[in-house]
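In case you want the letters, here they are:
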Amino acid sequence: MSNINFTHYQHAHCESGVTTNLLRNEGIEISEPLAFGIGAGLFFGHIPFLKINGTPGSTFRTWPGAIFKRVGQRLGIKVHTERFRSPQKAMLALDKALEHNRPVGMLSSVFYLPYLPEAFRFHFNAHNLVVYGKENGIYKVSDPVMEEVTTIAPEDLVKARFAKGAPEPRGFMYYITDVPKAINFEEAIKKGIRQTCFFMISPPVPWFGNKAVFLLAKKIRQYPQKLTPRKASLYLGNIIRMQEEIGTGGAGFRYLYAAFLQEAAQILHRDDLLAYSQELTQVGDDWRNFAYHAARLVKDRKSDIVSYDELSDLLRICGEKEKDIFTRMDKLKWQ
Amino acid sequence: MKVNEVPQDPKDFKEGDKIKKLVYAVDKDGKYTGVNSAGWEAENAATKQAWDLVEEELQETEQLVKAGKLSPIAWYMKKNLMDTALLAKYMGKWQWQVRRHFKPEVFKKLTPAMLEKYATVFNITVDELKRTSGQ
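So the sequence lines, in the order shown, correspond to chains B and W.
Residues in the first sequence are numbered from 3 upward in steps of one, following my numbering.
Residues in the second sequence are numbered from 658 upward in steps of one, following my numbering.
These are computed hints drawn from the structure, not numbers from a lab.
The beta carbon of each residue, even a glycine, is placed where N, CA and C say it ideally should be.
Check each hint, because a few of them may be wrong.
[To be verified] Once the Cα atoms are required to be at most 16 Å apart in a straight line, the calculated EDC-like pairs of lysine to aspartate or glutamate come out as:
| hint | chain 1 | residue 1 | chain 2 | residue 2 |
| --- | --- | --- | --- | --- |
| 1 | W | K659 | B | D287 |
| 2 | W | K677 | B | E149 |
| 3 | B | K335 | B | D273 |
| 4 | B | K136 | B | E101 |
| 5 | W | K774 | W | E785 |
| 6 | W | K746 | B | D287 |
| 7 | B | K233 | W | E714 |
| 8 | B | K53 | W | D740 |
| 9 | W | K688 | B | D288 |
| 10 | W | K736 | W | E714 |
| 11 | W | K675 | B | E150 |
| 12 | B | K301 | W | D709 |
| 13 | W | K659 | B | E120 |
| 14 | B | K233 | W | E713 |
| 15 | W | K750 | W | E713 |
| 16 | W | K765 | W | D784 |
| 17 | W | K787 | W | D709 |
| 18 | W | K736 | B | E120 |
| 19 | W | K723 | W | E662 |
| 20 | W | K705 | W | D740 |
| 21 | W | K671 | B | E120 |
| 22 | B | K301 | W | E698 |
| 23 | W | K688 | B | E150 |
| 24 | W | K787 | W | E773 |
| 25 | W | K723 | W | E698 |
| 26 | W | K675 | B | E149 |
| 27 | W | K659 | B | E281 |
| 28 | W | K726 | W | D709 |
| 29 | B | K233 | W | D709 |
| 30 | B | K323 | B | D288 |
| 31 | W | K705 | B | D302 |
| 32 | B | K192 | B | D332 |
| 33 | W | K705 | W | D674 |
| 34 | W | K736 | W | E762 |
| 35 | W | K677 | B | D288 |
[To be verified] Listed next, the stretches of chain B that the computed footprint assigns to chain W, with coverage defined by at least 3 CB atoms under 8 Å from CB atoms of chain W:
| hint | region |
| --- | --- |
| 36 | 69-81 |
| 37 | 146-154 |
| 38 | 217-224 |
Chain B extracted, bound-state conformation (with noise of 0.2 Å):
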């Protein structure tokens, strides 16, 4: 039995969340979008032909693991990180972290989360949540979308740990060992915005960054020549999913990072940062107005209430404008 005084706050998305979690209970003042941000979290990705369930993938965020690993480098956090191939040790290695008074981040499968609303539970196997303590057998959880802390059985979390398909989370877990006596974050919110820059920006190919909002919207272009009406929408609903479904805080993470731009205005003293923070919430009204009118086409098959050509316009908008941000953006000066 392990009692930790954790304190529980709710966030938009799972991963920041628990970087936040973990990091206020270590004492430090950190909020969601500035682990968001430092994290470097924003991204676009669309991959056509990598099927998931049928429909090709999408993401709005950068890889699973990632926004956690890199907070902790930036800010000088000493992190433990770890990978099972037995569930049995999985379980052992997180009992013995919380019986060192540990809170314990780790990856799950939502299909195997019970305490989760069932419109939710689809195999997605990148979901994290906190686990920080264990009473009578059963594990209390902070799971940063939840308003409230919950508890689950051993028996539902190891199966949520040792879910199969992709990614598999292998029981991963990590926990917080030390903390420096004082973080820059200047530095880190530095390396965090030319990192997301970078990544927009720069890669080379076509599925990758702002290059693939493009990609998307010459993709929805050809919808109503290459599938059928049925698939067709079925795609866009899952745009919309990846999106708008819990987790993302609002137009594809595009709100949390204005939000984080914002407080990095506030910290590092700089104007330009503001302004840039009031662009990227128009491009975020931007991708919720293709949200709506992609939403319009899934509801009703049939009526065109717009087409799939103004579709992909709305969506070029995005990628036009995103575009301008962050060429602008990666040019900026840093002291």
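Mind docking chain W on chain B? Use the hints.
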């Protein structure tokens, strides 16, 4: 998105209204703040679409199982939102092996150990697994 524009359209299916998720919006001073949202019509429609598809496929499979063309394994696979690739991974089998087990005549000859394994993956009892086939 402004604070007063944060949509509050409840996701009123499959307990979707149990969580009020956090989104980020701008308040009247232009400052970002976290706001709870019950859901958004557009997003709800997309989630609903995904579930409708599951439901549809489940019914189709049920008809095929009843008609003796597929084994209950196919139905429980759909019920658990899996495809053949994922089920094969959970079973530690090749996909062609799992697909073979979809055949009712092969299903009848499966060893108790194999049935047990399927039942464990689907989180049901062996009896439940067999019952769907009308045995």
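Hints, verified against the model:
1. The suggested pairing of K659(W) with D287(B) holds, with an alpha-carbon distance near 10 Å, which does not exceed 16 Å.
2. Annotation: proposed proximity of K677(W) to E149(B) holds, straight-line Cα distance about 7 Å (limit 16 Å).
3. Between K335(B) and D273(B) the CA atoms are separated by roughly 13 Å; this keeps the pair inside 16 Å, and the hint holds.
4. Under the criterion of a C-alpha separation no larger than 16 Å, the hint pairing K136(B) with E101(B) is consistent with the structure, at around 9 Å.
5. Only pairs whose Cα atoms come within 16 Å are accepted, and K774(W) paired with E785(W) is accepted, the gap being roughly 13 Å.
6. Between K746(W) and D287(B) the alpha-carbon distance is near 41 Å, which puts this suggested pair outside the 16 Å criterion.
7. Our distance criterion of 16 Å between C-alpha atoms is met by K233(B) and E714(W), whose separation comes to about 14 Å.
8. For the suggested pair K53(B) and D740(W), the alpha carbons sit about 12 Å apart, so the restraint of at most 16 Å is met.
9. Distance restraint check for K688(W) and D288(B): the Cα-Cα separation of roughly 19 Å exceeds the 16 Å cut-off, and the hinted pair is therefore not satisfied.
10. This hinted pair checks out: K736(W) and E714(W) have alpha carbons roughly 9 Å apart, not beyond 16 Å.
11. For a cut-off of 16 Å, the pair hint linking K675(W) to E150(B) stands: about 11 Å separates their Cα positions.
12. With a C-alpha separation of about 12 Å, the suggested pairing of K301(B) with D709(W) holds against the 16 Å cut-off.
13. Pair hint K659(W) plus E120(B) does not hold up; C-alpha atoms about 29 Å apart against a cutoff of 16 Å.
14. For the suggested pair K233(B) and E713(W), the alpha carbons sit about 14 Å apart, so the restraint of at most 16 Å is met.
15. Taken as a hint, the K750(W) and E713(W) pair is broken in the structure, with Cα atoms around 27 Å apart against an allowance of 16 Å.
16. Only pairs whose Cα atoms come within 16 Å are accepted, and K765(W) paired with D784(W) is accepted, the gap being roughly 13 Å.
17. For the given pair, K787(W) sits about 26 Å from D709(W) by alpha-carbon distance, which is inconsistent with the 16 Å threshold.
18. As the CA atoms of K736(W) and E120(B) are separated by approximately 13 Å, the hinted pair is consistent with the 16 Å bound.
19. Annotation: proposed proximity of K723(W) to E662(W) is violated, straight-line Cα distance about 49 Å (limit 16 Å).
20. Distance check on the hinted pair: K705(W) and D740(W) sit about 19 Å apart at the alpha-carbon level, beyond 16 Å; violated.
21. Between K671(W) and E120(B) the CA atoms are separated by roughly 5 Å; this keeps the pair inside 16 Å, and the hint holds.
22. Proximity of K301(B) to E698(W) is assessed by CA-CA distance (about 10 Å); at most 16 Å being required, the pair is judged to hold.
23. With a C-alpha separation of about 25 Å, the suggested pairing of K688(W) with E150(B) is violated against the 16 Å cut-off.
24. The hinted pair formed by K787(W) and E773(W) meets the criterion: a straight-line CA distance of about 11 Å does not exceed 16 Å.
25. A hinted pair counts as satisfied when its Cα atoms are at most 16 Å apart, and K723(W) with E698(W) does not qualify at roughly 37 Å.
26. This hinted pair checks out: K675(W) and E149(B) have alpha carbons roughly 10 Å apart, not beyond 16 Å.
27. Straight-line distance between C-alpha atoms of K659(W) and E281(B) comes to about 14 Å, which keeps the hinted pair within the 16 Å bound.
28. Restraint check: the Cα-Cα separation between K726(W) and D709(W) comes to about 23 Å, which exceeds 16 Å; the hinted pair is violated.
29. Our distance criterion of 16 Å between C-alpha atoms is met by K233(B) and D709(W), whose separation comes to about 13 Å.
30. Among the hinted pairs, K323(B) with D288(B) is consistent with the structure: their alpha-carbon atoms are about 10 Å apart, no more than 16 Å.
31. For a cut-off of 16 Å, the pair hint linking K705(W) to D302(B) stands: about 13 Å separates their Cα positions.
32. Restraint check for K192(B) and D332(B): the C-alpha separation of about 11 Å stays at or below 16 Å, so the hint holds.
33. Restraint check for K705(W) and D674(W): the C-alpha separation of about 13 Å stays at or below 16 Å, so the hint holds.
34. Restraint check for K736(W) and E762(W): the C-alpha separation of about 21 Å exceeds 16 Å, so the hint is violated.
35. Distance check on the hinted pair: K677(W) and D288(B) sit about 23 Å apart at the alpha-carbon level, beyond 16 Å; violated.
36. For the region 69-81 of chain B, the stated coverage by chain W is violated: 0 residues have a C-beta nearer than 8 Å to a C-beta of that chain, whereas at least 3 were required.
37. Counting residues of the region 146-154 of chain B whose beta-carbon sits less than 8 Å from any beta-carbon of chain W gives 3, enough to reach three: the coverage restraint holds.
38. Remark: the region 217-224 of chain B is not confirmed as covered by chain W, as 0 of its residues place a Cβ nearer than 8 Å to a Cβ of that chain, below the required three.
Checked against the numbered hints above, the structure breaks hints 6, 9, 13, 15, 17, 19, 20, 23, 25, 28, 34, 35, 36 and 38 and satisfies the rest.
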